[in-house]
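> Spelled out, the chains give:
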Amino acid sequence: MNFITIDKKDWAPGIDKSRKTFRVYGPVEDENGCQIKPLAPDMQPKMDAAVTVMSAKSVLFPQTEKILTATLDESKDDHHVMKPVKTDDMPRVVLGIRPYDAKAVHLVKLNFDNPDYKDPYWCAAYDATTLVGLGVTRPGPCDFSTSVGCGPFSEEGLDVLMADMDDKYIAKLLTKKGEKWAAACGFDTSADPKESQVLFDVLKKEAEKQIQADVTTDKLAQKTILDLYDAPFWDEVAFSCINCGTCTYVCPTCWCFDIQDETRHNTAVRFRNWDSCMSPLFTYHASGHNPRGTKVHRVRQRFMHKLKYFLDKYEQGIMCVGCGRCVASCPVNIDIREVCNRMNDYETTK
Amino acid sequence: MDTCIEKIRAIGADLLAKGTVEKVIGFADGSIPMATRPMALTSDKDVDKLVFNSVCGLNLANYVSKNSLSNKEGKIAVVAKGCDARNLVTHIVENQISREQIYIIGVPCTGMVDKRKIAALFDDEITGFEEHGDTLTITSASKTETVKKADVLRHNCRVCTHRNPPVYDVMAGDPVEEQTLDHPYEDVDQIAAMDLDARWAYFENLTKNCIRCYACRNACPLCYCPTCFVDESSPQWVGKGQNEIDVTTFHFLRAFHCAGRCTDCGACVEACPMGINVRDFTRKLNKDALELFGWEAGLVLDKRPPLDAYSPNDPNDFIK
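Going down the list, the sequences are from chains A and B. As numbered in the working numbering, the first sequence has no gaps in its residue numbers, which increase by one up to the final residue, 350. As numbered in the working numbering, the second sequence has no gaps in its residue numbers, which increase by one up to the final residue, 1320.
Don't read these hints as lab results, they were simulated from the structure. We put the beta carbon where it would ideally sit given N, CA and C, even for glycine. Do not take every clue at face value.
[Said to hold, decoys possible] Computed far set for chain A versus chain B, every beta-carbon distance over 10 Å:
| # | residue |
| --- | --- |
| 1 | W11 |
| 2 | D89 |
| 3 | C142 |
| 4 | L199 |
| 5 | W234 |
[What the hints assert, rightly or not] Here are the simulated DSS-like pairs of lysine-lysine, each with C-alpha atoms no more than 25 Å apart in a straight line:
| # | chain 1 | residue 1 | chain 2 | residue 2 |
| --- | --- | --- | --- | --- |
| 6 | B | K1049 | A | K295 |
| 7 | A | K46 | B | K1117 |
| 8 | A | K66 | B | K1208 |
| 9 | B | K1049 | B | K1007 |
[Said to hold, decoys possible] Chain B is faced by these chain A residues, among others (derived, beta-carbon under 10 Å):
| # | residue |
| --- | --- |
| 10 | E31 |
| 11 | G33 |
| 12 | V53 |
| 13 | E65 |
| 14 | P139 |
| 15 | Q210 |
| 16 | C247 |
| 17 | S276 |
| 18 | M278 |
| 19 | P280 |
| 20 | R325 |
| 21 | A328 |
| 22 | C330 |
Chain A on its own, in the form it takes in the complex:
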């Protein structure tokens, strides 16, 4: 595996050099916390930023995305015919993404890019995107990534994994995309692969030691869906829930969307927007019936999807990378770690 060293004084010039080839995204800090955003030409990513409030999911899956358009002008031959919009497929790089957010991209890929269905918008964005991760040396109190098959130095889904060594970064180039990005920046000082790997292993161990969460998922697969569905604890779990969409929107793995058509003058546009299973509208039928008519139904759905349905369907673990954003942002402190343990420990008395 290819390791390179990037002196920090070469970092910003290198990033600037890469802008000819890449649209650059990275953590940006403002008064309300940190977010992954496209960086203006004069902006550098804030690499030592705290965990971003929102994940990097929007780089591939924007909250609102124009997908089709049509003219309503009946004098035109193709009026009312929906056509794909032109997408910007310029290569883009996300700098300083946390490893769990890259693992999340891998999980979201199961939905948008699989043998049965390929979402053209997501796939095009995915192909254009290079993910340059930064190992997390100080995981916060909500981080439980090690419990769910990820971790502060996980490589899954990343193209490059970097370690911050004070005056330099050591970068592990994991894919061809990663190598191309490094070349575009002019980062080419190779580092000793053996020594670097040892260093990564030490940092990884140190970081993982700091994560104290004990979330267990080992027994979820053997439970039946109906036992968990009928478990007695859902009323209690859901009591405090206000049914806002915060948990689903901050989640890097929540992939549900809604389709909306809007018109303005003679132009019709079809958008897709993030949707949230916490909203009553999510399952509201045209008949007026709502199969998930109460908040208990909806809270149960969120956890059942993440921790049971997904697990059963894809056999790739739970639909959660342990970033802890939903725990940190939930206004009423519903904690997926507690719910997961409760589901894992539940034994039906029937």
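Given the structure of chain A, go ahead and fit chain B onto it with the hints provided.
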């Protein structure tokens, strides 16, 4: 502060043991620092789970409106700060609940802390939060900070003039002194003093990070419409995407819908994951309600709110 917690627990246990109420709605400790979670107790044996401290920032009246009269539930006790109690009064005045359905355990309140202000003292994440009297001790992996609670109060608590519940069944402590303010609406006046373009830019900037999760709406006890206008699809009043006109339309209309009803409890801001001070909208309407009608919401049970009553003395000409 004296958090009155022993008294709250004793009252709760007594109410549940005697069967006076079916459940007690209060705050329990959260799973992370500076978090509490609303909970409903049905057994007097569980009252030790109740807490009351400076991070009980949501409004528990919100957990009553959804169990409104039509559900024919039994009596519910609610642990209520000044603002929570005012929202319970508003529920009663707006016929969402009857006075008899509610048992108000009033808590004199010395304010809730601004978690973002505290987080801003640290570069890393907060791992511990302790409260002793009016001193807060906050820790992270890198340092410990000791601050006076008064220095990190939420803005709505700094300008609160109803710390004691105006209506209650029992008080869990002696009333605290109410604040008197020379300029209660200084923040509103500052925005009002901007010229039109600057003001518009201010509000555009305010909502630019909104993700439309509706946490502000859903944390608000006033927002109990069976279907909110933003969720209507036939007709669809507002677009559902991130178009800034749609986003601001939501915020403007939500605020207007709270006119003359808002108690400035701050739950909306507390709930917002993006740190948007949506009170900038509602505060202006609170100021108008006070200046035009001499009205503050939720103080009395026997007066109609200004916007649901006709008066020949209405200050607006168009209505006469």
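> Each hint needs a verdict: does it hold in this structure or not?
Going through the hints against the structure:
Every beta carbon of chain B lies more than 10 Å from that of A/W11, the smallest distance being close to 20 Å; the non-interface claim holds. Residue placement check: A/D89 keeps its beta carbon more than 10 Å from all beta carbons of chain B (closest about 21 Å). With a cut of 10 Å on Cβ distances, A/C142 falls inside the contact zone with chain B, its closest approach being about 6 Å. The claim that A/L199 lies off the interface holds: its Cβ sits roughly 21 Å from the closest Cβ of chain B, which is beyond the 10 Å cut-off.
Interface exclusion of A/W234 from chain B stands, the closest Cβ pair being 14 Å apart, more than 10 Å. For the hint linking B/K1049 to A/K295, the alpha-carbon distance of about 23 Å falls within 25 Å, and the restraint holds. Taking the CA atoms of A/K46 and B/K1117, the gap is near 21 Å; set against the 25 Å cutoff, the hint holds. With a C-alpha separation of about 19 Å, the suggested pairing of A/K66 with B/K1208 holds against the 25 Å cut-off.
Of the pairs offered as hints, the one joining B/K1049 and B/K1007 holds, with about 13 Å between alpha carbons and a cut-off of 25 Å not exceeded. Taken as an interface hint, A/E31 checks out: its beta carbon lies about 7 Å from the nearest beta carbon of chain B, inside 10 Å. The restraint placing A/G33 at the interface with chain B holds, with a minimum CB-CB distance near 6 Å, inside the 10 Å limit. Because the smallest distance between the Cβ of A/V53 and any Cβ of chain B comes to about 6 Å, under 10 Å, the interface hint for this residue holds.
For A/E65, the interface hint holds, since its Cβ comes within 10 Å of a Cβ in chain B; the closest pair sits about 9 Å apart. About 9 Å separates the beta-carbon of A/P139 from the nearest beta-carbon of chain B, less than 10 Å, and the hint is met. Checking A/Q210 against chain B: minimum C-beta separation of about 8 Å stays under 10 Å; hint holds. Annotation: interface hint on A/C247 holds; nearest CB of chain B at approximately 9 Å, less than 10 Å.
Interface hint status for A/S276: upheld, as the beta-carbon distance to the closest one in chain B is roughly 7 Å, under 10 Å. A cut of 10 Å between beta carbons decides the hint on A/M278: the least distance to chain B is about 8 Å, and the hint holds. The interface hint given for A/P280 is met, as the beta carbon of that residue sits about 7 Å from the closest beta carbon of chain B, less than 10 Å. The beta carbon of A/R325 comes within 9 Å of a beta carbon in chain B, closer than 10 Å, and the hint placing it at the interface holds.
With a least beta-carbon distance of about 7 Å to chain B, the hint placing A/A328 at the interface is held under the 10 Å criterion. Look at A/C330: its Cβ gets to within about 8 Å of chain B, closer than 10 Å, so that hint holds up.
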